[in-house]
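Given only the sequences and the hints, what does the whole structure look like? Please build it.
Read top to bottom, the protein sequences are chains A and B.
If you count the first sequence from 1, position 365 lands on 367 in this note's numbering, and the numbers rise without skipping.
If you count the second sequence from 1, position 85 lands on 86 in this note's numbering, and the numbers rise without skipping.
Hints may be right or wrong, so weigh each one.
[Unchecked claim] Distance windows between CB atoms, simulated: (1) A:K518 to B:A53: 41 to 51 Å; (2) B:R20 to A:V560: 15 to 25 Å; (3) B:R20 to A:R533: 23 to 33 Å; (4) B:S111 to A:S134: 46 to 56 Å; (5) B:T29 to A:N413: 27 to 37 Å; (6) B:E73 to A:V560: 32 to 42 Å; (7) B:P48 to A:E357: 39 to 49 Å; (8) A:E357 to B:R20: 54 to 64 Å; (9) A:S526 to B:D80: 47 to 57 Å; (10) B:P48 to A:S422: 31 to 41 Å; (11) B:D60 to A:V560: 30 to 40 Å; (12) A:K136 to B:E73: 51 to 61 Å.
[To be verified] Some, not all, of what chain B presents toward chain A, calculated at C-beta under 7 Å: (13) M2; (14) T6; (15) L9; (16) L10; (17) N34; (18) V36; (19) F42; (20) M46; (21) M117.
[Said to hold, decoys possible] In silico DSSO-like cross-links for lysine-lysine, where the CA-CA straight-line distance does not exceed 30 Å: (22) A:K173 to A:K139; (23) A:K136 to A:K553; (24) A:K427 to A:K487; (25) B:K49 to A:K534; (26) B:K49 to A:K553; (27) A:K534 to A:K553; (28) A:K307 to A:K186; (29) B:K49 to A:K427; (30) A:K212 to A:K202.
It is worth saying that the hints were derived from the structure and are not from the lab.
Even for Gly, the Cβ is constructed at its ideal location relative to N, Cα and C.
The lines below spell out each chain.
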Amino acid sequence: MSLITKTGDRACVSGFARWTTGTPAASAYCARSTPQPGHGTTPSTQLPLYFRFRGWDSLRDLRNIAKMSDIQEATNKLLDVNLHENQKSVPVTKENGTKNESEHLHITIGATVPTGFEQTAAGEIKEKLGSSCKISKDRGKIYFDISVESLAQVHCLRSVDNLFVVVEEFKDFQFKQTKEEALKDFEDLAGKLPWSDPLKVWEINTCFKKKKTKRKKMSQNSNKEKIDNGQGDKLDGRDIRGFTDSALDSHILDYYENPAIKEEISTLVGDDLASSKDETDEHLKEETAPQVLKFRVTCNRAGEKHCFTSNEAARDFGGAVQDHFKWKADMTNFDVEVLLNIHDNEVVVGIALTEESLHRRNITNFGPTTLRSTLAYGMLRLCAPQPTDIIVDPMCGTGAIPIEGATEWSNCYHIAGDNSPLAVKRAANNISSLLTKSQVKESKSSWGLPIDAVQWDSCNLPLRTGSVDIIVTDMPFGKRMGSKKRNWNLYPACLREMSRVCRPGTGRAVLLTQDKKCFAKALSGMGHVWRKVHTVWVNIGGLHAAVYLLKRTPQAFVHSSDQEGERGTPW
Amino acid sequence: MKLLTHNLLSSHVRGVGPRGFPLRLQATEVRVNPVEFNPDFVARMIPKVEWAALLEAADTLNLAEVPREPTEGYEHDEDFLRKMHHVLLEVEVLEGTLQCPESGRLFPISRGIPNMLLNDEETET
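Next up, the structure:
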């Protein structure tokens, strides 16, 4: 089966302008504490925050609090104050008339996901936001509607790489025949699009991100302090020397992306937005004094019949956008990234909500072939983990998959294994980093996660027969890791060993590989234990790879060799 | 290495088969981490656990208050579940060894990670 090879290209262009801000910073909202599946419309979850924030000093104190462990206490304090405030100010009106509309602002969000995993991403969105997704023909993109309060929750999605807010979608754009006319259409388009709501969303989103970065810096500093104090000392009565030294040395990622602290994000965002009104105003004043917003246009074009290139489209569209808004051009240091996505006759104009991709969130120690977390999540979701499933990654590398598993499916037990001591060490470090981040959660310091690391040989797993429910792994492609020749021996041996440890009847395996030929051959002799159920075609760093979902047949494992005959019987 | 992991590990030295389980545990450094208690998780995990192996391991670690067997109606016995939770998930062996009961082969545990690699002669090629 061949992958769709797109005839397409991508270009970025920016223009000059001045942007007058009509909308004050006051149109900012938060999503409430518990991300609830379904709508964010239940009364208790839709309390917009107003900016007459009394707890000013206490909030300033909070900003100075270095210790992450105090943040939860702070959050509770804030929540109390906020609820109190809301009771007072709800009947009183807001600072600007648009607030009522903004409260119920519904927008369409576009998300880029690993190609092939559109359905799994749609599943996650349905589950966590209650929104149904539309899957675009433009591979790797899905669309869904939310109300703006759910924006913070959208950032917590684990299957999406990048997010953008849709300005307008044209399902069947009639391109003119000549290049000049087609490009003129793009120019004309710029002024006619409904920019105001998406720009509001962009603004809210930017505030949210700014606070995130501030707090990240704060927490990084606080972590470093803790590190210096903690090394060699006892922390909370536990000696963490041996295990966490190297982890603490490694760079600590933005802890907001750990779902263990999702709650904190949502509440803190709103509080921050509220409290920082003064700051934001000043900030905006700084920005708006010279009155310049910087932007660029990124155009992705795919399709055979276009008479223009993405460069040309971006240039002309960007020029018109610039004229319309009077923004300033900047390719690298932009505030607003306008997206122009063209796929055959489907044209979508959007504004980007993410800068760096969300996909490297859990991994602090990279290896040569570290898997994207979004891909790891997609693979795990594919095998539908049930509570208390034992999930094993026999070739874990840096542990991307088990770590994603332990954070998202914490009611399962995860084991990360690899034969390389370096890989296992990196995996253990990544696990420690997770633990460091999850210290913040609740008032109890939750140090442990249901995950362990073992050094082993995947062709000779030191596991009881039939004891594992799910095997998920990224098999060596034979390109950057291992070799194609090695795969000819490795794959059959691995598949055989996996079938031994996997629980007959209910067990399943999700395996990613680019060496599809070798895999098919290895699998062909194993029809009595493995049944291929589904294949997802994916793109890994330009390589056309596949994710195979296999089900373990009910047949018990029988080893052909005499010596190991006993080991084959389930016990 | 948590005790739940130990419960799944088995020696794969050539010719040993199911006699490679359970591995004899010896620990020189142990750490106790609190882990969030999920009663449902523990209750469902109990049927999957090999009890004799778990008790043996817990005894070598001198853990107190380890239930000897699942009591009647254990699913609703919070005290029982909490103890099991502690034994399975909260005790971590940082340094020690695992020994194959049949061949005597020792596998080291270092920084919480057991090294189960065998050299070529020991594995079936």
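Now the hints, each set against the structure:
Judged by the Cβ atoms, the range 41 to 51 Å given for K518 of chain A and A53 of chain B holds: they are separated by roughly 44 Å. Our hint of 15 to 25 Å for R20 of chain B and V560 of chain A holds, since their Cβ atoms are close to 18 Å apart. The hinted window of 23 to 33 Å between R20 of chain B and R533 of chain A holds, with their beta carbons roughly 31 Å apart. The hint said 46 to 56 Å for the Cβ distance between S111 of chain B and S134 of chain A, and at roughly 50 Å that hint holds.
Checked against the hint of 27 to 37 Å, the C-beta distance between T29 of chain B and N413 of chain A comes to roughly 32 Å, which is consistent with it. For the hinted restraint 32 to 42 Å between E73 of chain B and V560 of chain A, the CB-CB distance of approximately 37 Å keeps it satisfied. Hint check: P48 of chain B to E357 of chain A, Cβ distance near 48 Å, so the stated range 39 to 49 Å holds. For E357 of chain A paired with R20 of chain B, a C-beta distance near 57 Å keeps the hint of 54 to 64 Å intact.
Checked against the hint of 47 to 57 Å, the C-beta distance between S526 of chain A and D80 of chain B comes to roughly 53 Å, which is consistent with it. Here the CB-CB span from P48 of chain B to S422 of chain A is close to 34 Å, well matched to the stated 31 to 41 Å. Between D60 of chain B and V560 of chain A the C-beta distance comes to about 35 Å, which sits within the given range of 30 to 40 Å. At roughly 53 Å, the beta carbons of K136 of chain A and E73 of chain B sit within the given window of 51 to 61 Å.
A distance limit of 7 Å between C-beta atoms decides the matter here; for M2 of chain B the minimum to chain A is near 6 Å, and the interface restraint holds. Hint status for T6 of chain B: holds, given a least beta-carbon distance of 4 Å to chain A, under 7 Å. Checking L9 of chain B against chain A by beta carbon gives a least distance of about 5 Å; that is within 7 Å, so the hint holds. This hint holds: L10 of chain B has a C-beta 5 Å from the nearest C-beta of chain A, less than the 7 Å allowed.
This hint holds: N34 of chain B has a C-beta 4 Å from the nearest C-beta of chain A, less than the 7 Å allowed. Residue-level restraint check for V36 of chain B holds (minimum Cβ-Cβ distance to chain A is 3 Å; threshold 7 Å). About 5 Å separates the beta-carbon of F42 of chain B from the nearest beta-carbon of chain A, less than 7 Å, and the hint is met. The criterion of a C-beta within 7 Å of any C-beta in chain A is met by M46 of chain B, whose closest approach is roughly 5 Å, and the hint holds.
Because the closest C-beta pair between M117 of chain B and chain A is about 4 Å apart, less than 7 Å, the hint holds. Between K173 of chain A and K139 of chain A, the direct Cα distance comes to roughly 10 Å. Compliance with the 30 Å bound is thereby established for this hinted pair. Between the alpha carbons of K136 of chain A and K553 of chain A the distance comes to roughly 29 Å, so the proposed pair stays at or under 30 Å and holds. Taking the CA atoms of K427 of chain A and K487 of chain A, the gap is about 27 Å. The hint holds against a cut of 30 Å.
At roughly 26 Å between alpha-carbon atoms, K49 of chain B and K534 of chain A fall within 30 Å of each other, so this suggested pair holds. Restraint check: the Cα-Cα separation between K49 of chain B and K553 of chain A comes to about 20 Å, which is no more than 30 Å; the hinted pair holds. Distance hint between K534 of chain A and K553 of chain A is fulfilled; the C-alpha atoms sit about 6 Å from each other, no more than 30 Å. With a CA separation close to 17 Å, the supplied pair K307 of chain A and K186 of chain A stays within the 30 Å bound.
For the given pair, K49 of chain B sits about 29 Å from K427 of chain A by alpha-carbon distance, which is consistent with the 30 Å threshold. A threshold of 30 Å between alpha carbons decides the hint, and for K212 of chain A with K202 of chain A the separation of about 15 Å falls inside it, so the pair holds.
Consistency note: the structure conflicts with none of the earlier hints.
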